[in-house]
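*Asks:* Between the sequences and the hints, there should be enough to build the whole structure, so can you do that?
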Amino acid sequence: MEMQQRKNGKRVVLSQTAYHQIARILEELLGRSQARLALFADMSGYPVVHRGEADTLDLAALTALAAGDFAATAEISRLIGQESRFKFLYHEGAQRSLYLCAVGADYFLMVVFDNSVALGIIRVLAHYAVEKISRFIQSLKQESEQTHQFLDFEFRDLLARQLDRSLRPR
Amino acid sequence: MHVNWLRQEIVFKIVYYGPGLGGKTTNLEYLHAHLEPALRSRLVVLKSPEERTLYFDFFELALGAIKGKKPRFHLYTIPGQLYYAPSRKIVLRGADAVVFVADSQSARRQDNLDTLMDLEMKLIQQDKTLAHFPWVLQYNKRDLADIEPVATMEATLNFLGVPHYEAVAVQGIAVFETLRGVIQLLLQRL
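Chains as they are written, first to last, in the working numbering: chain A, 60 to 229; chain B, 403 to 592.
Keep in mind the hints are simulated off the structure, nothing from the lab.
Remember, it's a predicted structure, so these values are computed and weren't measured experimentally.
From the three backbone atoms N, C-alpha and C, an ideal C-beta is built for every residue, glycine too.
Where hints are given, some of them may not hold.
Dumping the calculated DSBU-like pairs for lysine-lysine here, alpha-carbon to alpha-carbon at most 30 Å [to be verified]:
#1 B:Lys524 - B:Lys469
#2 B:Lys530 - A:Lys146
#3 A:Lys191 - A:Lys146
#4 B:Lys524 - A:Lys146
#5 B:Lys524 - B:Lys449
#6 B:Lys472 - B:Lys491
#7 B:Lys530 - B:Lys472
#8 A:Lys146 - B:Lys449
#9 B:Lys469 - B:Lys491
#10 B:Lys491 - A:Lys146
#11 B:Lys491 - B:Lys449
#12 B:Lys530 - B:Lys471
Computed far set for chain B versus chain A, every beta-carbon distance over 10 Å [stated by the list, open to error]:
#13 Gly422
#14 Leu437
#15 Arg495
#16 Gln512
#17 Asp548
#18 Ile549
#19 Met555
#20 Asn560
#21 Val572
#22 Gly574
*Replies:* In structure tokens form, the structure reads like this:
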């Protein structure tokens, strides 16, 4: 499994090892915190890997909105005279709460947890997870051959035909 | 663009850009309402109290597997008003292609041009440029009375000769064609 990213205009790849390691870090976070969901995503709004209860969730919308949340609060941070964005965001609900942590400039970690779980525990464990994940992110390297394997001519041709069939008003 | 080998997914991000009240949200709403429900996620619409797009509108178009691989398209709009510039910058981040929705009304000529220049500036900040980026033009609101001739709009906005579509998004005219066109262009450029 490879996950591709563009960083500083260049395409880079998160290695298979790093991907599985991140998944393990999320599992560890869930196991130790009793949180419901841990999601690692990128600031462009793509969900990368998640662990926990996500069957009933629209992960695409959830990630897009969370990335928008970071975008809005980064601007708020700037407007109050701060050079860098907020390191974490916390939204407290009646039953469930949300904790969002930036992972470097390009990614973030989201943790959804019941209010029976102490925020302090989530904070500590989430930051511990972010530190570990960051080590793998730093090892990103430029690579584009994997995409060409995925997007060969036949795939592109079949995709174009399927789009022609599907993208019509019903 | 994201390739997720584990889930065998490839995800593209397409952004509808253009001046405020030009019809970007209308495009997305029409697409969402007229696509097969199995192909689309929930439509997320974040509007201000004045019914203007605040952050963005969004939905995911998920096609069936091709050779075991699942293509997905994330469709976003940006808020058109100038004072939401930071939101536009972020939504544009990582975009694989853009649909520029221009308002055909004569009074919006300068707004169209200003917003197109704003798009170029934001692309440059991402080490990209309109000259080497997949994008198409949609001349929207062709049903209204006081509109500019397409030739005039072409001369003003389409200095790079990209594909253009004459649309009435509120009636669905050329909405699907525009999306098909931008995706075809995107696939050609990969």
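*Asks:* State for each hint whether it applies.
*Replies:* Hint-by-hint comparison with the structure:
no.	hint	result
1	B:Lys524 - B:Lys469	violated (36 Å)
2	B:Lys530 - A:Lys146	holds (28 Å)
3	A:Lys191 - A:Lys146	holds (16 Å)
4	B:Lys524 - A:Lys146	holds (24 Å)
5	B:Lys524 - B:Lys449	holds (23 Å)
6	B:Lys472 - B:Lys491	holds (28 Å)
7	B:Lys530 - B:Lys472	holds (27 Å)
8	A:Lys146 - B:Lys449	holds (26 Å)
9	B:Lys469 - B:Lys491	violated (35 Å)
10	B:Lys491 - A:Lys146	holds (20 Å)
11	B:Lys491 - B:Lys449	holds (18 Å)
12	B:Lys530 - B:Lys471	holds (28 Å)
13	Gly422	holds (18 Å)
14	Leu437	violated (7 Å)
15	Arg495	violated (5 Å)
16	Gln512	holds (26 Å)
17	Asp548	holds (28 Å)
18	Ile549	holds (24 Å)
19	Met555	holds (25 Å)
20	Asn560	holds (23 Å)
21	Val572	holds (14 Å)
22	Gly574	violated (6 Å)
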